[in-house]
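Each chain, letter by letter, is given below.
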Amino acid sequence: MKTDKILLDHGSGGKISHSLFSQLILPLFENSALAQQDDGAVLEVGGQQLAFSTDSYVVDPIFFPGGNIGDLAVNGTINDVSMCGAHPLFISAGLIMEEGFPIEDLKVILKTMAHAAKKAGVQIVTGDTKVVPRGKADKIFINTSGIGLIPKGVNVSGNHAKPGDKIIVSGTIADHGITVLSTREGLKFDSDVKSDSAPLNHMVKAILDSGCDVHVLRDPTRGGLGTTLNEIASQSNVQIQIFEESLPVHNSVKGICELLGFDPLYIANEGKLIAFVPEDDADKVLKIIQQDEFGKDAVVIGEVKESNPGKVVMQTAIGGLRRVDMLTGEQLPRIC
Amino acid sequence: MGLKYVDEYRDASLAKQLISKINDVSEKPLRLMEVCGTHTMSIFRHGIRTVLPGNITLLAGPGCPVCVTAQKDIDAFIQFARMDDVIVTTFGDLIKVPGSGSSLAREQSLGADVRIVYSVFDATNIAKENPGQQVVFCGVGFETTIPTIAASVLTASGDGLENFSIYSANKLTPPALAALMEADGVEIDGFILPGHVSVITGTDAYRGTFEKYDIPSVISGFEPVDILKAVLMLVEQNEKGVPALENAYPRAVSDQGNTKAKIIVDQVFEICDASWRGIGTIPQSGMCLKDAFHSFDAAIKFAMDLPDVPEPKGCACGEILMGLKTPKECKLYKKRCTPMDPVGPCMVSSEGACAAFIKYSN
Ligand code: SF4
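Chains C and Y, in that order, are what the protein sequence lines are. Residues in the first sequence are numbered consecutively from 829, following the working numbering. Residues in the second sequence are numbered consecutively from 4, following the working numbering.
The hints are simulated quantities; they were obtained by calculation from the structure and are not laboratory data. Predicted model, so just to flag it, every value in this text is computed and none were measured. Check the hints yourself; a few may be wrong.
[Claimed, not checked] No more than 27 Å apart at the CA atoms, straight line, and that leaves these computed lysine-lysine pairs for DSS-like: (1) C:Lys994 x C:Lys1033; (2) C:Lys935 x C:Lys964; (3) C:Lys994 x C:Lys1133; (4) Y:Lys75 x Y:Lys316; (5) Y:Lys338 x Y:Lys75; (6) C:Lys1139 x Y:Lys338; (7) C:Lys1082 x Y:Lys19; (8) Y:Lys337 x Y:Lys75; (9) C:Lys1139 x Y:Lys331; (10) C:Lys1139 x Y:Lys337; (11) Y:Lys316 x C:Lys843; (12) C:Lys843 x Y:Lys338; (13) Y:Lys334 x C:Lys843; (14) Y:Lys75 x C:Lys833; (15) C:Lys947 x C:Lys1124; (16) Y:Lys338 x C:Lys833; (17) C:Lys980 x C:Lys1033; (18) C:Lys980 x C:Lys994; (19) C:Lys964 x Y:Lys131; (20) C:Lys1133 x Y:Lys337; (21) Y:Lys19 x C:Lys1139; (22) C:Lys990 x C:Lys1112; (23) Y:Lys19 x C:Lys1133; (24) C:Lys833 x Y:Lys337; (25) C:Lys843 x Y:Lys331; (26) C:Lys1139 x Y:Lys334; (27) C:Lys947 x C:Lys1022; (28) C:Lys967 x C:Lys833; (29) C:Lys946 x C:Lys980; (30) C:Lys967 x Y:Lys131; (31) C:Lys833 x Y:Lys316; (32) Y:Lys337 x C:Lys843; (33) Y:Lys31 x Y:Lys19; (34) Y:Lys328 x Y:Lys215; (35) C:Lys1115 x C:Lys946.
Isolated chain Y (complex conformation) (with noise of 0.2 Å):
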């Protein structure tokens, strides 16, 4: 177990020291995305927004996978845990997102067969011990998930499994920066960009955003030294006036990423078009499954094509994810949607916003 490793970036006197620099530093009124659901649950589990001055606000964005999941994907899994002699799988999170008018939970409670599963590899071992039945995987992920889900398309086909498939409603993180920058009244004046997504797809994947967008950007690990360490940078950027893509998390994240899991990932899959929660469309922002594989795609097994269904009525998750809203600016906030009988995703998903803030904050 590496737990010095996770201690070195707690160090309380080094995170102190970094508070204070930043707080020496920062005078302009800054608002800093962090673009990943661990940074939000990071950042609050630390008490790090107490932390900071008051200049700095702290966006969460849109890397939270089960709240960037569109309504129709949501109803697809309902959809699919209704079926006769199909096992649904997925990670635990997504069983209690509403849809209209269900969630997985409420049809696992009525005898539909709905799994929580740690790894997409426990869904093709249930689909092996289960050859009578069907076995669909809820793909909601972005490029850390993606390359296991490959992985195990590719076994299951080595394998000539049958019986299993997945429903892609995975993500790709730069296409969403970039739809961000583009989308009227988001201010951000720096990006804390997912430490875990680069290590895959390394720091040259978001060469392409800055360049156009000259927009601050930096990698962070997930320890409270690491993001402090980014957010001092990201202060220094915007005091200097001078934008940069920088990696604070060198430890992990190299310039090119894991090659050989991209090269897994592109036998598998292909870039297309995904529907995102409260943004809408993001041309090139999914991964669909290649032609060669489509006896997996579960989509296409069972002819599964919902139409785009309006999200739930006075839910901000799109606008929270945005960086345009605050939960507590939402009116259902801790009022008709709360953890235990959540209206939206990002009150559902340990991840999500208004569940990190009704959680960790007074």
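Pulled out of the complex, with its shape left as it was, chain C reads as follows (with noise of 0.2 Å):
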């Protein structure tokens, strides 16, 4: 039944979300650049094109094994802007806070947000701090935006995916998601799962730099790789297919996945990306990654194809196939 609320599912980045920003923003904001649904906006300012992107984080819990809410809110905002094709430079926080939350806490978050701009080599440059009644907002809430120069030349996008294309991604997957999601519900496993959270701007400097011809960068986030796919193919009007043998899963994320019954293409990434590069920079474009201390896993696992646009389809390990469609409802709320 349609609904006339807000429902968790619209904050899932799966389909409800996507039909949120069709339906009710897009035609409200109305522009091109917003109309390229990429990770960031591109835009052309005095002859330089700038990527500027924007996202909120409202991870539960806050803090979690591989990161905080801090150095999510800082690299999440790195890559989008890093997936635009841009080298981030600057970066603003606003911070939401609930009274009574503890003063140490806020150091511990402020203090990673710190170190992780540092490490990525941004700098935070403005922000705001507001503060709500106890039991208005759930601890602390964070949104980044940032900004970043495009070299002349560089252009990827969504809508980029070319037949032929070999689709790269920089590392395992769901990390982040069963991490989040395990801490949350208190799952006591002896696993060394954790956040995969990391900036992946040297990464895409080091792609970019090398000239080799790269289509579509995207960090599957929220929704996972699965939807992430789903948006390219249906952004550049191509079928992909995947194999599901390469695809990189820890094991005991896989054995977490098993257990609760989710599938590891819609869980979310907070420190991988996928490259989209036609099948001759394919192998080089691939040592690049593996060279970059954030995507020593990194892999093939598909292909772009002609036929059937806009579809995902994925070969399973026992030789079937099946689509992979996107997320449809909120596998996990308040997961970044």
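Hints given; two lone chains; assemble the complex.
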């Protein structure tokens, strides 16, 4: 049934978030940058191309193995700007805190943010703090925005995928979402699962500096790899085929997914990218990614085809074929 | 984490051997029903339909708990959500199922306190934390879930937890199989029997149905190799004309099942008639709380006794879970009914046939 209220699903990053965007938001703000529907807006100012992006973080719990809401907020925006083919330079941070939030926790979060920014080589140059009465927000929410410069000649976008492209993923999928979920639910797994929260701007720079032809860069965050691939398939009007056997998933993450009935294809990542690269350059780009500290487990997971545009299919390990649809419904709320 | 365990039964080369054997042996047209929703999901997830020969049709059966829940029970959950000072606790899939005019999700967005829980014990904890409120758990499950629900009632009773109750729409598998065999127009050449349910019930629970109807029946696990093995056994039984009740999941299922769990269930529940979507009332197919536990029965506590209501118009969910129709034969499929705006529960539950069709098949 249609709803006249915002449901948790509207924040899933899946189908229903997309319809909120395309039916309500886009028509009201109609402009060409927004209509591109990439991770950030690509703008031209005085002959220079800029990338500009914003994101809000409401993760629960705010501390989890591998990071906290602070580095998540910084890395997330760095990555969104980077996926436009840009070098991120400056970031803003807006904090919304609940009355009674411990200063000690805030200190830890701010320190992590500073450290993450330093590691990525960006500066947090402006910001804002607001406090709301107890119970009106949950601990702390963070919004970050970032801008970066797009070097001359670089032109990556979700609508540039071409038949024949190889698809590279920079490492194991589903680590972040599964970490947050198992921390939140107090699930005790004797596992080494931790969030993959990481800045990918150095990796992107190395790819672009190599002179290799890159058609698409994306970070499969909320909604997971499956949803991101669907976005690209429909933006570029191509079919995407992936191979189940090549999908990199940590053993323990796979185990937790099995146990809880989740599909790693729809679980959020916070430090992974996918690159669509013409076959001739694929090996070279793969090696470059593997040399980066966050790309050691990079592999080719699939390719772009012509038939059946807009669809994503997967060859399963047993040789069957199945569709990979966009995430429908909220798989996990408040994961980032 | 028992990962190796899973991978072994996902072994691609073993699966491929089974696939070619099935292709070699199978000649007759066969309609095999996977009774359990988890099987349906696994079959789609691994693309098993696409590797079987064209003469084998797999049908999704009545083993998706949310899908078989009668409309009046969904309406009861919604009524609970509308009551003041009631917290409704439920497994996730249920909240989007449309009742007559609303859904738990809708009530939630209107301010009702509806909480998704992963276990019934989350619900008893919520009851402990909220002594001023009544906590109702929507009990929608089969033999697999019923023991835990029974245990929660025992615990609640021991703890004197007075603000906790369950609404039992729980159901039993074997009577549903018998009802299918009796129903008009149903053509089934074999059952792929549910692994998880059988862990509790044991193989023996199906013997009555098997002997009465002489229907090839194989208990199966959920990994591709398990399912393919069960399909091969059913094909062989049919080709040879020798129906049998076999257990292809012996690593988890015994003849007697889990006697401890069965004892706990017997303490709390008794068998009663139950109303199934599409099929109607099946005698002796439900689980109701025994008299001694009536204070934990939400239906009694809140005098909730709704009449049978018709299912959503045009929704073929009931026929689908009897193997009479496929989702694509429903006029509303993908048109009026989508996962974002579902008409029937088969489109809501991740284990539902319509949801699986839309999600995994092109
Ligand atoms: S497609 Fe929708 S309306 Fe049709 S049977 Fe399935 S759930 Fe019911």
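Within 27 Å, alpha carbon to alpha carbon, are Lys833 of chain C and Lys337 of chain Y? Cα-Cα ~23 Å, so holds.
Keeping to a limit of 27 Å between CA atoms, is the pair of Lys75 of chain Y and Lys833 of chain C held or broken? 25 Å, holds
Sort out whether Lys75 of chain Y lies within 27 Å of Lys338 of chain Y, counting only the CA atoms. 25 Å, holds
Regarding the pair Lys1082 of chain C and Lys19 of chain Y, is the alpha-carbon distance no greater than 27 Å? Between Lys1082 of chain C and Lys19 of chain Y the Cα gap is close to 22 Å, so the pair holds against 27 Å.
Between Lys316 of chain Y and Lys843 of chain C, is the straight-line Cα distance small enough, at 27 Å or below? 26 Å, holds
Please work out if Lys935 of chain C and Lys964 of chain C have their alpha carbons no farther apart than 27 Å. 22 Å, holds
Regarding the pair Lys337 of chain Y and Lys75 of chain Y, is the alpha-carbon distance no greater than 27 Å? Given that 27 Å is the threshold and the Cα spacing comes to 25 Å, the pair holds.
Is the straight-line distance between the alpha-carbon of Lys1115 of chain C and that of Lys946 of chain C 27 Å or less? 26 Å, holds
Is Lys1139 of chain C within 27 Å of Lys334 of chain Y, Cα to Cα? 23 Å, holds
Are Lys328 of chain Y and Lys215 of chain Y close enough, with their CA atoms no more than 27 Å apart? 25 Å, holds
If you draw a straight line from the CA of Lys947 of chain C to the CA of Lys1124 of chain C, is it 27 Å or shorter? 18 Å, holds
Given the hint that Lys338 of chain Y pairs with Lys833 of chain C, does the C-alpha gap stay at or below 27 Å? This hinted pair holds, its Cα atoms lying about 23 Å apart.
Every hint, counting from the list given before, is met by this structure.
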